[in-house]
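Input sequences plus hints: build the corresponding full structure.
Protein chains in written order, with the working numbering: chain W, 32 to 121; chain H, 9 to 450; chain Y, 1384 to 1829.
Please keep in mind that the hints were generated in silico from the structure rather than gathered at the bench.
One thing to keep in mind: the hints can contain errors.
[Stated by the list, open to error] Taking lysine to aspartate or glutamate pairs in the EDC-like style, the calculated list, with each CA pair at most 16 Å apart, reads:
{"no.": "1", "chain 1": "H", "residue 1": "K265", "chain 2": "W", "residue 2": "E68"}
{"no.": "2", "chain 1": "W", "residue 1": "K58", "chain 2": "H", "residue 2": "E213"}
{"no.": "3", "chain 1": "W", "residue 1": "K96", "chain 2": "H", "residue 2": "E203"}
{"no.": "4", "chain 1": "Y", "residue 1": "K1397", "chain 2": "W", "residue 2": "D93"}
{"no.": "5", "chain 1": "H", "residue 1": "K301", "chain 2": "Y", "residue 2": "D1464"}
{"no.": "6", "chain 1": "H", "residue 1": "K265", "chain 2": "W", "residue 2": "E75"}
{"no.": "7", "chain 1": "Y", "residue 1": "K1443", "chain 2": "Y", "residue 2": "E1480"}
{"no.": "8", "chain 1": "H", "residue 1": "K192", "chain 2": "H", "residue 2": "D384"}
{"no.": "9", "chain 1": "H", "residue 1": "K301", "chain 2": "Y", "residue 2": "E1819"}
{"no.": "10", "chain 1": "Y", "residue 1": "K1605", "chain 2": "Y", "residue 2": "E1576"}
{"no.": "11", "chain 1": "Y", "residue 1": "K1581", "chain 2": "Y", "residue 2": "E1527"}
{"no.": "12", "chain 1": "Y", "residue 1": "K1397", "chain 2": "W", "residue 2": "E94"}
{"no.": "13", "chain 1": "H", "residue 1": "K353", "chain 2": "W", "residue 2": "E78"}
{"no.": "14", "chain 1": "H", "residue 1": "K193", "chain 2": "H", "residue 2": "E81"}
{"no.": "15", "chain 1": "H", "residue 1": "K379", "chain 2": "W", "residue 2": "D59"}
{"no.": "16", "chain 1": "H", "residue 1": "K192", "chain 2": "H", "residue 2": "E435"}
{"no.": "17", "chain 1": "H", "residue 1": "K228", "chain 2": "H", "residue 2": "E203"}
{"no.": "18", "chain 1": "Y", "residue 1": "K1795", "chain 2": "Y", "residue 2": "E1819"}
{"no.": "19", "chain 1": "W", "residue 1": "K96", "chain 2": "Y", "residue 2": "E1527"}
{"no.": "20", "chain 1": "H", "residue 1": "K387", "chain 2": "H", "residue 2": "E317"}
{"no.": "21", "chain 1": "H", "residue 1": "K187", "chain 2": "H", "residue 2": "D384"}
{"no.": "22", "chain 1": "W", "residue 1": "K58", "chain 2": "H", "residue 2": "E317"}
{"no.": "23", "chain 1": "H", "residue 1": "K387", "chain 2": "W", "residue 2": "D93"}
{"no.": "24", "chain 1": "H", "residue 1": "K24", "chain 2": "H", "residue 2": "E81"}
{"no.": "25", "chain 1": "W", "residue 1": "K42", "chain 2": "H", "residue 2": "D303"}
{"no.": "26", "chain 1": "H", "residue 1": "K312", "chain 2": "W", "residue 2": "E52"}
{"no.": "27", "chain 1": "W", "residue 1": "K42", "chain 2": "H", "residue 2": "D304"}
{"no.": "28", "chain 1": "H", "residue 1": "K265", "chain 2": "W", "residue 2": "E72"}
{"no.": "29", "chain 1": "W", "residue 1": "K58", "chain 2": "H", "residue 2": "D316"}
{"no.": "30", "chain 1": "Y", "residue 1": "K1507", "chain 2": "W", "residue 2": "D112"}
{"no.": "31", "chain 1": "H", "residue 1": "K220", "chain 2": "H", "residue 2": "D384"}
{"no.": "32", "chain 1": "Y", "residue 1": "K1811", "chain 2": "Y", "residue 2": "D1761"}
[What the hints assert, rightly or not] Residues of chain Y placed beyond 10 Å of chain H at every Cβ, according to the derived structure:
{"no.": "33", "residue": "L1421"}
{"no.": "34", "residue": "R1427"}
{"no.": "35", "residue": "N1582"}
{"no.": "36", "residue": "D1620"}
The C-beta atom is built at its ideal place from N, Cα and C for all residues, glycine as well.
Here is how the chains run, residue by residue.
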Amino acid sequence: MDVKTVRDVAKFAHIALTDEEAERYCKDLGDILSYFELLNEAPECNERGVNPILVADIVRDDEPKTEYDADDLIRDMDTYDRYVRGPRLS
Amino acid sequence: MSMDSVMKDLKAINAKYQMFHAMSDDVSAGDAAFLFSAKDNLTSNDMETCAGSRILEGYRPIFDATCIAKLREAGGKLVGKTNMDEFGFGTFSTNSGFEVPKNPYDLNRACGGSSGGSACAASVIEDHVSLGVSTGGSICCPASFCGVYGIAPTYGRVSRFGLIDYGNSLDKIGVISQKATDLKKYMEIIAGRDERDPTSMVQPEFVTAYRKMKSVAIPKEGIEGLSKEVEAIFKDAVEQLKSMGVDVDYVDMPSLKYAMPAYYVLATSEASTNLARYVGMRYGHQEGDHSLKFDDYFTEVRSKYFGDEAKRRILLGTYARMAGFGGRHYAKAREVRQVVINDYKRVLETHDAVLAPTMPFTAPRFDDISKMSALDSYKADYLTVPANIAGTPHLSVPCGYDSDGMPVGMQFVADHWNEDILFSVAEDWEKQFDLRRPEVSI
Amino acid sequence: MKIGLECHVQLPTKSKMFCSCPTADCEFPNTYVCPTCLGMPGSRPVLNRQVLVYGIMIAKMLNCEVNDTTWFARKTYFYPDMSKSVQITQYDNPIGERGVYYLDGKKPIRITRIHVEEDPGSTKRTADLTSLVDYNRSGIPLAEIVTEPDIATPAEARQFLTQMIGDLRHLLDIPDDLEWEVKCDCNISVGTERVEIKNVSGLKNAERALHSEMVRQIAMIKAKKKIVRETRRYDPDRDVTISMRVKEFEDQYGYIDEPDLGVYHIKELADSIRISESPQNMILRITSQYKLDPKMAKQLVNTSMDLAVLFEDIAKEFGTQNAIKWVGGPISANWRAMEDRGVTDLARLKELIGDFSEGGITDTQCAIEIKSYMTGQDAAAAQEDSAGLETLINEFLDKNPKIVTDYQKNDKAANQVIGYVMKQTGGKYSSAEVVETAKKLIEARF
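Structure representation (structure tokens):
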């Protein structure tokens, strides 16, 4: 693990790091990832379920429903004319 | 303490122990059948819900989590939302973005985590039940440190609708209380299929009738690395179990040591995707400078309001799942989960439960915790993580007190869907265990 | 030159993919929304079964192998219209893979995969350059169809899209009058390096975008400049592609499985789904089965599937010749008129043809009755009209016998007749009827 990689990862994750943080996380991640190498010694297994118990075939019917009042849903959002305000796109 | 007097004293209690972030303003219990609290990552439509994170300050959900709704329907009054490690990231609740709960047996020590506030409330307040959430051990760890009973049921037993996610394949909602009988009583209310959470829809019927525990298996890996006092107290507790008619075997479970790294890979991978939605729009803090380009706007809010541990786990999880960084960890961790499940199933074919101490030490002091490295605190969970990654139900009972008077807990792990045997052994244990309540003075 | 397409179409469900919000158009922003499609902390997805059904139908139409088990994945990327900053999509084990789709019944275009995923919300730029977001669209189900780079030219890409959209519209029962947009990511490499043009809306723009990018790449190659593998966007006003950023690779999304949904065993469902024949496939089949002129087969099917089905019914009952003569002739010519009047009962037409084939009525009588039934015109008036048209045409042919000989070499010679009649009569006769009658009379003179 090196500081450049930490900065690349932080960029994907949309987190800004000070130099101190970058160094510190670099060390932490390095230690933790070395520990993860233990996984390489683990036995192999063909099964790898999406959940620890089998969750399968749960669906709902295609019926439209309105359960919540839309005004309640957006009451705490920063809106303009019912649109949610957001930052610059480009 | 009657319910009304609890309500009257709630603010004072909280001032001392800091178990609640948001609380009810009521000074009486009204016609409530019972009082309860819930970990702050469960949505409540009448109290701010922040999951221990400043980034969600101001989030007022418009829906109750299913488990909270069910307890309310059964006559429960929600008195407060309990403090926790931010999003569940931690073992001592010291990563809270708000107040840190203090151990009822010693205010200079931690409650454990991440459901520290819940265990504290259950321990301090008379006749109180609190909902906790476990991802890697966050119900049993604080239950153990705070000297109370706690159960994390099978993954999928309680609907996660309304739970602010940490790890979707790992999170389980459970119950913490001073009384073992409360665990069954309240689990019966909150368990069950909920169409709003597909993972809750495959559970078999919730069987809770008494079923005597006949045998337990203690994995050798589960009794290594313990503090001397925990080791001794656990040994005594095992003898006590034997005198209650439970057979005790020592077994090998070689997969257990891989559970920890697999758990952190899966949990942080999932968490890093769950936390991607916190970008300063729609809920929580939204007041950033909109003239910034969206990448910068998002980065600014996230960097400002996420705590240190949250950032570390997001980085870890992002790294672990991105092929561009060689992310083969995620696929391997998924395999290891199945290996751990198979190991438990093998042992539980011939034993009713797997048994080990819940934590390798008693509640540490705050100043000792601040000296621990991230990896050190991850490794402290090694006794609770395996059952959590396997999704098997597990229950912690208080089994002794160390020379400082700090509680020690031991944890039973049963096979998927077999909560009944855990309730039964907890109730049997309670009948003969001398529970030492903390001194509560306000 | 190699072209591959990733096409996105909206699936016509009534409710959204992971929540029960209506998918209908909404007058006001952020109204058909709920905690799930707003990504609110604590909310959870539940899959709409109809999405699997539509996905399987599309997979079958594209001759894909349908996977026995399918599941969902999280694709993480940050944008204001993404309510969770995660799109629930499919990565491993999509609904269908390894299919093939025949362009015009001949050229195979390999289909890499078809999967289903949710749409994000929509954004607007404001005057002060910040954004306004509407999440009504957030969570609407989409199908994504990915082709191998088997398409050879921009024009061929458009042809592929036109044909496939036509087939999909029929498959999913999209009403003819409903606008149904396809959005494509177009991949094109003139040389060795592939460039992606992202988010192009509509068939025409897809062709134009590919064409302008092709031109750009050719110029680069000629000038011996290196083509960078990247993502570009198309500006339809200036008709150019513009660089967006260096091409993102799949691994930058950090896919993990979606544990909130579990897995779906769809083999049984897939086995139970029968899809109706696509227009394209029907054209191919009836051409070969009835030895038809491909133009006629195309014209029948493209006019209306019901017309083509009638053709087959008549062929079965009264023989192919009668089907060609009557369905390919006056019934086809007057079909639109009949549709416009809202007449749908075809039993009378079968009766008439039956009468003719038994010798009960004559050729001319049958033609007149058919026209009368379909257009609502009085039989006597129809007869007069028809006679009038034939007289006019015969007059013209008498004066221009060369047309008949020319027609034998090239049937476009009939166009002169048509032009003459239209000029003489204005809009009295439908062009379809004029064409049909003209050809009949010319051929009668051989």
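Verification of the hints:
This hinted pair checks out: K265(H) and E68(W) have alpha carbons roughly 12 Å apart, not beyond 16 Å. Between the alpha carbons of K58(W) and E213(H) the distance comes to roughly 48 Å, so the proposed pair goes past 16 Å and is violated. The suggested pairing of K96(W) with E203(H) holds, with an alpha-carbon distance near 14 Å, which does not exceed 16 Å. Distance check on the hinted pair: K1397(Y) and D93(W) sit about 6 Å apart at the alpha-carbon level, within 16 Å; holds.
Using a Cα cut-off of 16 Å, the hinted pair K301(H) and D1464(Y) holds, with the two alpha carbons roughly 14 Å apart. Of the pairs offered as hints, the one joining K265(H) and E75(W) holds, with about 15 Å between alpha carbons and a cut-off of 16 Å not exceeded. Between the alpha carbons of K1443(Y) and E1480(Y) the distance comes to roughly 10 Å, so the proposed pair stays at or under 16 Å and holds. Note on K192(H) and D384(H): the hinted pairing is violated, with a Cα-Cα distance of about 34 Å set against a maximum of 16 Å.
Straight-line distance between C-alpha atoms of K301(H) and E1819(Y) comes to about 63 Å, which puts the hinted pair past the 16 Å bound. For the hint pairing K1605(Y) with E1576(Y), the CA-to-CA distance comes to about 15 Å; that is within 16 Å, so the pair holds. For a cut-off of 16 Å, the pair hint linking K1581(Y) to E1527(Y) stands: about 14 Å separates their Cα positions. Straight-line distance between C-alpha atoms of K1397(Y) and E94(W) comes to about 6 Å, which keeps the hinted pair within the 16 Å bound.
Under the criterion of a C-alpha separation no larger than 16 Å, the hint pairing K353(H) with E78(W) is consistent with the structure, at around 15 Å. In summary, the hint linking K193(H) to E81(H) is supported, as the alpha carbons are separated by about 14 Å, within the 16 Å threshold. For a cut-off of 16 Å, the pair hint linking K379(H) to D59(W) stands: about 14 Å separates their Cα positions. About 9 Å separates the Cα atoms of K192(H) and E435(H), which keeps this hinted pair within 16 Å; it holds.
For the hint linking K228(H) to E203(H), the alpha-carbon distance of about 41 Å lies beyond 16 Å, and the restraint is violated. The straight-line distance between the Cα atoms of K1795(Y) and E1819(Y) is roughly 13 Å, inside the 16 Å bound, and the hint therefore holds. For the suggested pair K96(W) and E1527(Y), the alpha carbons sit about 26 Å apart, so the restraint of at most 16 Å is broken. Restraint check: the Cα-Cα separation between K387(H) and E317(H) comes to about 15 Å, which is no more than 16 Å; the hinted pair holds.
The suggested pairing of K187(H) with D384(H) is violated, with an alpha-carbon distance near 32 Å, which exceeds 16 Å. For the hint linking K58(W) to E317(H), the alpha-carbon distance of about 14 Å falls within 16 Å, and the restraint holds. Of the supplied pair hints, the one linking K387(H) and D93(W) is violated, its CA atoms being roughly 46 Å apart against a limit of 16 Å. At most 16 Å may separate the alpha-carbon atoms for a hinted pair to count; K24(H) and E81(H) exceed this at roughly 31 Å.
A C-alpha spacing of about 9 Å is found between K42(W) and D303(H), which places the hinted pair at or below 16 Å, so the restraint holds. Taken as a hint, the K312(H) and E52(W) pair is honoured in the structure, with Cα atoms around 13 Å apart against an allowance of 16 Å. At most 16 Å may separate the alpha-carbon atoms for a hinted pair to count; K42(W) and D304(H) meet this at roughly 10 Å. For the hint pairing K265(H) with E72(W), the CA-to-CA distance comes to about 10 Å; that is within 16 Å, so the pair holds.
Taken as a hint, the K58(W) and D316(H) pair is honoured in the structure, with Cα atoms around 14 Å apart against an allowance of 16 Å. For the suggested pair K1507(Y) and D112(W), the alpha carbons sit about 13 Å apart, so the restraint of at most 16 Å is met. Of the pairs offered as hints, the one joining K220(H) and D384(H) is violated, with about 38 Å between alpha carbons and a cut-off of 16 Å exceeded. Distance hint between K1811(Y) and D1761(Y) is fulfilled; the C-alpha atoms sit about 15 Å from each other, no more than 16 Å.
Not every Cβ of chain H is farther than 10 Å from the Cβ of L1421(Y); the closest lies at roughly 6 Å, contradicting the non-interface assignment. The beta carbon of R1427(Y) is not kept farther than 10 Å from every beta carbon of chain H, the shortest such distance being approximately 5 Å. Every CB of chain H is more than 10 Å from the CB of N1582(Y) (nearest about 17 Å), matching its label as outside the interface. Distance check for D1620(Y) against chain H: the nearest CB is about 23 Å away, which clears 10 Å, and the non-interface claim stands.
Checked against the numbered hints listed earlier, the structure breaks hints 2, 8, 9, 17, 19, 21, 23, 24, 31, 33, 34; every other hint is satisfied.
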